[in-house]
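As they're listed, the protein sequences go chains Y and D.
Under the numbering used here, read the first sequence as residues 23 to 403, first letter to last.
Under the numbering used here, read the second sequence as residues 15 to 406, first letter to last.
Do not rely on the hints blindly, as some may be mistaken.
Stated by the list, open to error - Pairs of lysine-lysine residues, derived as DSSO-like cross-links and limited to a Cα-Cα distance of at most 27 Å, are as follows:
| no. | chain 1 | residue 1 | chain 2 | residue 2 |
| --- | --- | --- | --- | --- |
| 1 | D | LYS55 | D | LYS244 |
| 2 | D | LYS330 | D | LYS382 |
| 3 | D | LYS241 | Y | LYS26 |
| 4 | D | LYS200 | D | LYS289 |
| 5 | Y | LYS26 | D | LYS289 |
| 6 | D | LYS330 | D | LYS200 |
| 7 | Y | LYS26 | D | LYS200 |
| 8 | D | LYS298 | D | LYS330 |
| 9 | D | LYS55 | D | LYS330 |
| 10 | D | LYS382 | Y | LYS26 |
| 11 | D | LYS298 | D | LYS382 |
| 12 | D | LYS268 | D | LYS298 |
If you're looking for bench data, these hints aren't it; they were derived computationally from the structure.
Chain residues, written in single-letter form:
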Amino acid sequence: MPYKVQPGVIGCAIRPAITGQDRSLEEVQYDTTQQALADAGITIEDIDGIVVACNDQLDGRAISVMMSSGPVGGVDRDILSTPSGSEHAFILGALRVATAQFRTQLVVAWSPTEASSIPEAERLGADPYFHRRLPLDELSAHALQAAALQHTVPGVRDVAARVAAKNRRHGTFAYPDPPLRPQPGPARWPLEAGATTLPVTGCVAMILASPDFIAERGHRDVAWLRGMGWATEASFLGDRDLGTAPALEAAAQQAYGEAGITDPVAQFDVAEITDATGYSELLAYEALGLCGRKDWAARVGDGTFARDGRLPVNLSGGVQTFNPVFCTGLIRLAEIANQVRGHAGAHQHKGAKTGLAHAGSGFAMQYQAAVVFGREQGARA
Amino acid sequence: MSTERVGIIGIGQSKFTARRDDASYPDLVREAVVLALNDAKLDLDDMQAVVYSLSPDAMVGIGNAERSGVDAVGARNKRFLRINTGGATGISSVAAAYYHVASGACDVVLTAGADKVGECGDSQTVLNKIWDPTYERQLPLGTINMLGMSAVRYMQHYGMTEEDMALVTVKNRRQAARNPNAHLRKIVTVEDVMASRYIAWPVKLLDCCPQSSGGGAMVLASEKYIKERKLEAVWITGLAHCSESYWLGDRMGKEPEADHADAFALGRACQRAYKMAGITDPAKQVHVAELYSPFSNTEFHAIDAAEFCKRGESVKLLREGQFELGGRIPVNPSGGTLCTNAIAVTAMIRAAEVALQVWGRAGEHQAKGARVGIASGNGGDHQFFGAIVIEA
Chain Y
23 MPYKVQPGVI GCAIRPAITG QDRSLEEVQY DTTQQALADA GITIEDIDGI VVACNDQLDG
83 RAISVMMSSG PVGGVDRDIL STPSGSEHAF ILGALRVATA QFRTQLVVAW SPTEASSIPE
143 AERLGADPYF HRRLPLDELS AHALQAAALQ HTVPGVRDVA ARVAAKNRRH GTFAYPDPPL
203 RPQPGPARWP LEAGATTLPV TGCVAMILAS PDFIAERGHR DVAWLRGMGW ATEASFLGDR
263 DLGTAPALEA AAQQAYGEAG ITDPVAQFDV AEITDATGYS ELLAYEALGL CGRKDWAARV
323 GDGTFARDGR LPVNLSGGVQ TFNPVFCTGL IRLAEIANQV RGHAGAHQHK GAKTGLAHAG
383 SGFAMQYQAA VVFGREQGAR A
Chain D
15 MSTERVGIIG IGQSKFTARR DDASYPDLVR EAVVLALNDA KLDLDDMQAV VYSLSPDAMV
75 GIGNAERSGV DAVGARNKRF LRINTGGATG ISSVAAAYYH VASGACDVVL TAGADKVGEC
135 GDSQTVLNKI WDPTYERQLP LGTINMLGMS AVRYMQHYGM TEEDMALVTV KNRRQAARNP
195 NAHLRKIVTV EDVMASRYIA WPVKLLDCCP QSSGGGAMVL ASEKYIKERK LEAVWITGLA
255 HCSESYWLGD RMGKEPEADH ADAFALGRAC QRAYKMAGIT DPAKQVHVAE LYSPFSNTEF
315 HAIDAAEFCK RGESVKLLRE GQFELGGRIP VNPSGGTLCT NAIAVTAMIR AAEVALQVWG
375 RAGEHQAKGA RVGIASGNGG DHQFFGAIVI EA
């Protein structure tokens with residue numbers, strides 16, 4: 023662990039599917055922030071700094087962080103914004119605590135669905151000359167990734183479908199009384215209808231703290247940051263082999279190196295992977311060292327990553343259950359922090375001490391992050 | 015706090031201008047990156063992480079346009095994230111890069127970005143979209159009338175006149191004329207400013223910053239890395255951010271906690287940065303400042319917030335020439351934001367210029383003997399403020 027001090031997560035609020043029209047986006051941010059503070063047993067007065075992540079195109083505002091100053095308690099506080107990805111807000115918040123110059127950080131991300139067309143908003147993220155007119159949106163990028171894998175891995179279509187089904191099944195345990203029923207996404211060759219889940223509104227908040235703050239307040243249920251890695255691939259899809267995930271390999275190498283992970287399947291008790299499609303999860307298995315592609319069919323078939331398997335993946339139901347597009351990455355981190363804290367509720371994995379969270383965002387997972395949380399302070403996994 | 019320092023070891027900036035038809039957006043980023051790496055005598059492969067500096071996506075017409083800059087900053091399969099705090103983005107990016115190093119995560123980090131404000135059509139059309147769509151956007155608000163309202167309040171509270179505002183422009187244009195990278199370098203007179211047309215009373219055309227295109231980049235490293243490689247550096251000794259309310263109306267009541275005339279949160283950020291740097295008397299201990307001031311009137315409340323004088327006294331002291339190059343504390347010796355505003359990197363350039371000043375490398379606009387300086391950035395609707403103290 024290279025950090026000056028080891029950050030720990032002491033509070034989370036995960037709202038992966040917000041229904042109804044009775045609360046404005048500002049109120050959703052306020053509610054989620056207050057819920058995370060309450061979970062940590064602190065108030066906004068205890069917060070030294072804030073990092074938020076939001077997306078101008080989805081929010082329909084330029085500099086969308088501006089609106090959040092009030093709801094997340096940013097007035098008269100040090101607040102920064104990482105619009106590149108919700109997981110990046112956690113990374114920057116963790117780095118700030120790790121400097122020993124901040125005792126606490128609040129991290130918040132949200133993803134609304136008021137845009138008249140989310141695919142249109144996503145298309146604005148494609149370069150204006152070559153990709154935008156394809157048209158390229160996130161579903162198209164996932165489809166291209168699926169096609170790349172189908173081209174190189176025989177039988178992957180059925181394996182990917184089983185992965186997605188596994189996660190949706192997990193979702194029924196995590197949310198026996200769901201706030202809304204997940205709606206299947208449209209087909210986009212070679213992805214069939216239902217291979218993705220339609221976007222929903224979501225919001226997530228996490229509270230990070232320094233060891234001295236945690237000791238002073240007597241926090242017991244802490245998810246200590248053991249290691250984190252993050253990396254990006256090239257922007258131009260033509261420059262990438264969409265059937266591989268080299269940025270995630272780099273991110274995993276960073277995180278595992280910090281955390282002392284050498285045998286991830288044996289050392290992790292639980293994992294959350296950004297599963298926009300079953301193919302996304304399979305690619306992540308390989309890049310994270312959980313399972314190479316030649317073993318995908320066997321390991322998915324024998325239930326290694328199912329809720330009662332050796333390494334349960336996506337006990338929350340993952341993105342296949344709820345897809346608040348922009349904040350799915352930070353939700354994966356919060357889910358694992360909660361698992362390690364013993365606060366995961368209906369989908370708590372008994373005895374989870376060490377967990378892995380993966381966040382992938384952008385077209386065909388351009389941005390990748392891997393974060394390792396553990397229950398014991400200072401200890402390696 | 016840790017005693018190990020974070021140093022600035024490389025700086026790159028474009029020669030800013032209204033248009034750069036010869037360079038695409040990523041080309042501009044790369045231009046600054048190459049200059050910064052050459053300055054640091056390092057390669058892209060040496061960079062362990064990149065903090066990408068980009069304010070509103072709409073300014074370059076691409077959603078999450080940082081993605082298209084990944085190769086320009088050499089970040090493929092490396093740590094990479096983007097910062098956006100509006101106009102403060104550049105200084106927030108330097109701060110984020112600082113945290114990468116100060117946390118121990120990295121030894122050497124690149125922060126870079128660019129903007130093509132001069133080619134975006136009309137920045138005020140984009141910036142109108144920063145406001146609440148229901149209440150404020152239709153007024154219509156833009157950053158010029160937003161800060162015009164600040165000017166009116168500053169006039170009322172402290173006696174600033176339109177001629178005083180003109181003096182700021184005259185000073186900064188004179189200083190920009192000595193800075194080869196500045197966009198507006200033509201010397202103007204008070205009469206020129208007073209004769210220019212009103213944009214949003216009392217702000218006139220020559221009280222306004224230009225719409226600039228160009229890039230900026232900086233390389234930051236740990237003290238250990240710098241000493242082991244015997245690199246030249248200047249040091250970030252204090253930094254902080256602070257935010258105000260989103261709602262302008264909350265700053266313009268009878269007795270608002272943060273009056274729109276002033277820069278309340280900039281004051282807080284400066285105080286916190288000074289405290290971290292061990293500065294107790296800024297008026298005596300700070301030798302040079304680059305204070306983000308896109309309109310002439312805002313330089314006054316920035317000087318007040320930096321505590322170079324009592325609140326409101328900056329008007330009188332500026333008339334006396336105390337903030338000129340050669341004066342007591344030169345403010346914006348580069349010409350500042352008033353003469354160059356490529357929004358995504360403008361606040362980074364403030365930090366870069368202070369670094370060059372305390373390094374003794376500012377060339378024709380060098381403030382003699384400067385060893386300690388402060389840079390600031392403002393973003394949102396005069397809402398996000400960042401301050402960084404840099405020392406030789």
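Problem - Hints violated by the structure (listed by number, smallest first) - result: Hint check: 4, 7, 9, 10, 12 fail, others pass.
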